[in-house]
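Visitor: Here is how the chains run, residue by residue.
Protein chains: 2
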Amino acid sequence: MPIYNAPLADMKFILNDVFNAEQFWQANENLAHVDAATAEAILEEMAKFAQNVTHPLNRTGDEEGATYSNGNVTTPAGFKAAFKQYAEGGWIGLAADEEWGGQGMPKMLTVLADEMLFATNPSFMLYPLLSVGAGMALNSYASQEQKETYLPKIYSGEWSGTMCLTEPHAGTDLGIIKTKAERNEDGTYNITGTKIFITGGDHDLAENIIHLVLAKTPDAPAGSRGISLFIVPKFMVNEDGSVGERNAAGPGSIEHKMGIKASATCVMNFDGAKGYLVGKENEGLAAMFVMMNYERLSMGIQGLGASEFAYQNAAQYATDRIQGRSVTGIKSPNKPADSILVHGDVRRMLLNARANNEASRAFAVYVGQQLDITKFSTDPEAVKTANDRVALLTPIAKAFLTDTAFDAVIDAQMVFGGHGYIREWGMEQCVRDLRIAQIYEGTNGVQSQDLIGRKTIKCNGTFIEEYIQEIRDFANGLDADLNFIKDATLDAATEVESVTQYILEAARENPEFSNAAAVDYLHAVGLLSFAYMFARIANAAKAKEGEFYQNKLSLALYFVQRILPELALRITKVKAGSEVVMNFSEDYFTNQA
Amino acid sequence: MPIYNAPLADMKFILNDVFNAEQFWQANENLAHVDAATAEAILEEMAKFAQNVTHPLNRTGDEEGATYSNGNVTTPAGFKAAFKQYAEGGWIGLAADEEWGGQGMPKMLTVLADEMLFATNPSFMLYPLLSVGAGMALNSYASQEQKETYLPKIYSGEWSGTMCLTEPHAGTDLGIIKTKAERNEDGTYNITGTKIFITGGDHDLAENIIHLVLAKTPDAPAGSRGISLFIVPKFMVNEDGSVGERNAAGPGSIEHKMGIKASATCVMNFDGAKGYLVGKENEGLAAMFVMMNYERLSMGIQGLGASEFAYQNAAQYATDRIQGRSVTGIKSPNKPADSILVHGDVRRMLLNARANNEASRAFAVYVGQQLDITKFSTDPEAVKTANDRVALLTPIAKAFLTDTAFDAVIDAQMVFGGHGYIREWGMEQCVRDLRIAQIYEGTNGVQSQDLIGRKTIKCNGTFIEEYIQEIRDFANGLDADLNFIKDATLDAATEVESVTQYILEAARENPEFSNAAAVDYLHAVGLLSFAYMFARIANAAKAKEGEFYQNKLSLALYFVQRILPELALRITKVKAGSEVVMNFSEDYFTNQA
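Just so you know, the protein sequences line up as chains E and H, in that order.
Per UniProt numbering, residue 1 is the first one in the first sequence, and the count goes up by one each step.
Per UniProt numbering, residue 1 is the first one in the second sequence, and the count goes up by one each step.
If you are wondering where the hints come from, they were derived from the structure by calculation, not from laboratory data.
Since the model is a prediction, treat every value here as computed from it, not as a measurement.
Accuracy of the hints is not assured; some may be wrong.
Just so you have them, the derived chain H footprint on chain E, three or more residues with Cβ under 8 Å [stated by the list, open to error]:
no.	region
1	166 to 180
2	360 to 374
3	429 to 441
4	545 to 557
Every beta carbon over 10 Å from chain E, so not counted as near; a handful from chain H, in silico [said to hold, decoys possible]:
no.	residue
5	Glu-40
6	Asp-219
7	Asp-240
8	Asn-334
9	Leu-482
10	Lys-542
Distance windows between CB atoms, simulated [claimed, not checked]:
no.	chain 1	residue 1	chain 2	residue 2	range
11	H	Pro-221	E	Asn-16	54 to 60 Å
12	E	Gly-252	H	Glu-207	43 to 49 Å
13	H	Glu-579	E	Thr-462	40 to 46 Å
14	E	Thr-67	H	Asn-72	28 to 34 Å
15	E	Gly-546	H	Gln-316	37 to 43 Å
16	H	Ser-69	E	Glu-44	56 to 62 Å
17	E	Lys-375	H	Pro-511	38 to 44 Å
18	H	Asn-591	E	Glu-98	37 to 43 Å
19	H	Glu-547	E	Leu-504	34 to 40 Å
Cβ coordinates follow ideal geometry from the N, Cα and C atoms, glycine included.
Whole structure, please, built from the sequences with the hints as guidance.
Guide: Right, here's the structure in full:
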């Protein structure tokens, strides 16, 4: 019953008109194999796959769920064939190096392909997503031999990957993990421990699963400086690269969750499983963060995909549903009532979602471009700047794009009235499936701590100051007929700059200040980022003629008038400080009397 | 696994200290049978029932769900016995007139009893809730004979009640319902049509179900002025009051929903079922609104209950979960990490929920008191004022209390990190179960239209002006040491007064203005109402000594500094007007290109 039409027109507009992607690619010798025609062809192919393969499996996957029985996980009907088709289409290695069988496509393109999969089937998307993340970590830190053994099989989809971090008592605080790694004489390790919340920890989609496991050697330093990373295959790999005997690593059960039910979330038991060190002992966290940072941007894309899916369905429902009459006179005299699109409040909800989609999509492409610069640019200065930008914007991409998407999906569900609560319409599944994106890969609260702490206070505001400078430079270059977005963006930049200074000073005086202010600060920077994206969108649209482009300007105006004002509220909350939060005893929270 | 401890201390504080309930009851001859000791005993008994009976059935009810088979609905294991115990305890008639077997308790007390049921088992609560709503509609509009036939059986729980309004094509717009009522010669009617979303439309808890059905007679005027209300029993009632043969009214199926899965939401088929007119033909909507207004306040209580439940569980989890260290130095040196309560961001989420709970609870009691005045007062002037207040505040109670509760429950779920997404912890069920409260009994969007249209513009702002005057009078009487809440409340009153004037003027110029502004206006009035409640709470707490009362003042300060600032944002959004929303063609919403 739910619909999905890949938003190709907006994707092409963003790539071609907003970011001049072809020009950017062609100017870089490492990306000169990509042109607009290639990019559009890839997006069109992915649109077909998403619409025809993963979309029809979304509801059935939710109803059936992944199941666990006798130590094995089975995915819902259709997932195996879809994964095979996805793998054979070369999609898993879309962004991977050609050396390992990948297609070497830039991130600013692949984020858009990812969006379509997340929109149509987030549970499905998580399986290849974890493979790609594992591939990235291995590509950065593994030995040449390890890369040769694992990467081609992962990118071909013959094998898949996982990341095994969380333990029952250790989530955000990985420094206290207990999983042990004991070195054998042959240089391998025996891995023993229990991991939880392992996405794709077991399934029937691939012939082997390559677990990347964080563990501690017996003599490791305490805390996060004593964590090592290991490859632990589900099946041992023979000399010739074929799959050998079963390793002592497998699922103990799967979790019963609010959503993403077709994605197997496993409790994993490692009982002296054979493991291979990646990189050096005690340097595992850095390798895992390669993977984690990739996943974090992806979670933002999950938000975008869900918001687009929800918007499309709500817009169609609102168009079809007739109920009540327009206050300015009957619009459909031949029908017993007008479409609910005549009601401003229904439009408000739809426009909230649509503005979120278009700004989020532009922002994802923008962050993708920064990642492409870090990977492909030959200019060390450009790479450094882009690295700083990625560091700053990764928590925004993860947390802001999922928070705003959740609001958008909730609005879209409300457009359906009671039908939004009924399973067959698909909206309630969309809410349930999306909710995890705010939680996993570091909760949005943790992302906010990362932004305000390591990415802002630690560098004394340098990253955000550089970003604001870029935004100001762009906004100042806008023509006078875009003053509505120019002024709004410049004002937002000044507000964020000012509150950043406020935070830097307050944090010097009071070590508790930043923790309480973090989420509101992240939303402030997120709103500024969306203003910047709408400034870029408006600038590109202004150069064109036609309703499509005029609507982009109208949506930018909607953003300025009805969404961006939240920035002032966020800043007020930041400035409220931490005393009003810390001013209660610990007992207060559980004690009613 | 989830916990629930009835918040009796706060309930008693609100009744006794904030609202001086005993004094209010004793001053009214119709309520003189109620004193503080009776009220507390009732609350304590309900606390036991909620903690020991409905709470343990909440998770199992969700897992099992209500089921439909061969024209009959079965409730989950344990529901039948719990309903019997509930009925035998006299709870269904707690607020009903003694004439019909009720206990005649005031609403300001019963809202608190309702909160405990909604907190522990919203699915269960919906069964008696609909009975009570049906009883109220009958009590106001039915004939003496009808009352005698139905009310005692409904309040004893032998029979239950429903409200049958919605049809597949007619939800908010009841004027276009198609269900037909054809008059028979004996004065009965034959009712034919299909109703959807009928809560408790069928079940196995009572021996008969009394459906209140909206339908149109053949010659009825078009629109909502041609709607009549009928009693349609599941089983015919014999002369002696016993249950007779089956009527042609029954469930065709039940809906599969996001939550409240133990509550049977039925598609109801009426195939020439025998019906009895309630009141006069074409005057059915007024009778149904008696029921509807009752349900609307109840939905607010559903929000409060869910928010309290979520808060308690999140507070306990945060206390128990150790992860990371306090920035001001290690707090639990004997443990590998500190409780996550050391983190300001975790406290922020918990305090958002707790502030919501205490303000919502006070507001529910306040609205309950206004309802009690309308019902029990002998002073016509007081009744008129209270009626106006109830009219104004019903949409706030329904929509604001469920919107803020949803935010609170989402915050509480986030405190759990990944565990919040896992079913066994109960938080995800709480989110799913609560979500419907924003949707049913008129979506929160529809509530907002009611507030801004019929309750504000239509009376030229009289209702809100009178309410603001009451708030001002109260705030002006506060002592100087409460200036933090006094000033905040007075400022909020001025802001709301000013934006109301703005709306009245804008609506005269532009008929589309109010629809687009409605939700933000409702939230503005809601925030002012919470400020007023915290002013009353602070005033009561100030007169006492001890940590319990000091914490009330600290929470009021938290509200002023971190929640009330949203008022300015809401007003900015109201003033953004409708043009920026209506400035798109209808095609725009479904057309991407």
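Visitor: Quick check: do three or more residues in the region 429 to 441 of chain E have a beta carbon closer than 8 Å to a beta carbon of chain H?
Guide: holds (count 7)
Visitor: Mind checking the hinted window 54 to 60 Å against the Cβ distance between Pro-221(H) and Asn-16(E)?
Guide: 57 Å, holds
Visitor: Are at least 3 residues of the region 545 to 557 of chain E within less than 8 Å of chain H when you compare beta carbons?
Guide: Check passed, 5 qualifying residues.
Visitor: Would the non-interface assignment of Lys-542(H) survive a Cβ cutoff of 10 Å against chain E?
Guide: 17 Å, holds
Visitor: Going by Cβ atoms, does Leu-482(H) stay more than 10 Å from chain E at every point?
Guide: The assertion about Leu-482(H) holds, with a minimum of 16 Å to chain E.
Visitor: Holds or violated: 38 to 44 Å for the Cβ distance of Lys-375(E) and Pro-511(H)?
Guide: Given range 38 to 44 Å: violated, Cβ gap about 55 Å.
Visitor: Do at least three Cβ atoms from the region 360 to 374 of chain E come closer than 8 Å to Cβ atoms of chain H?
Guide: violated (count 0)
Visitor: The hint says 37 to 43 Å between Gly-546(E) and Gln-316(H); measuring C-beta to C-beta, is that right?
Guide: Hint violated: Cβ distance 58 Å, outside 37 to 43 Å.
Visitor: Was Asn-334(H) rightly flagged as not at the interface, with every chain E Cβ beyond 10 Å?
Guide: Its Cβ never comes within 10 Å of chain E, the nearest being 14 Å, so this holds.
Visitor: Return holds or violated for the Cβ distance of Asn-591(H) and Glu-98(E) against the range 37 to 43 Å.
Guide: 39 Å, holds
Visitor: Confirm or reject: Glu-40(H) is not an interface residue toward chain E, with every Cβ-Cβ distance exceeding 10 Å.
Guide: 14 Å, holds
Visitor: 34 to 40 Å was suggested as the range; check whether the CB atoms of Glu-547(H) and Leu-504(E) agree with it.
Guide: Since the Cβ atoms of Glu-547(H) and Leu-504(E) sit about 35 Å apart, the hinted range of 34 to 40 Å holds.
Against the hints set out earlier in the document, violations occur for numbers 2, 15, 16 and 17.
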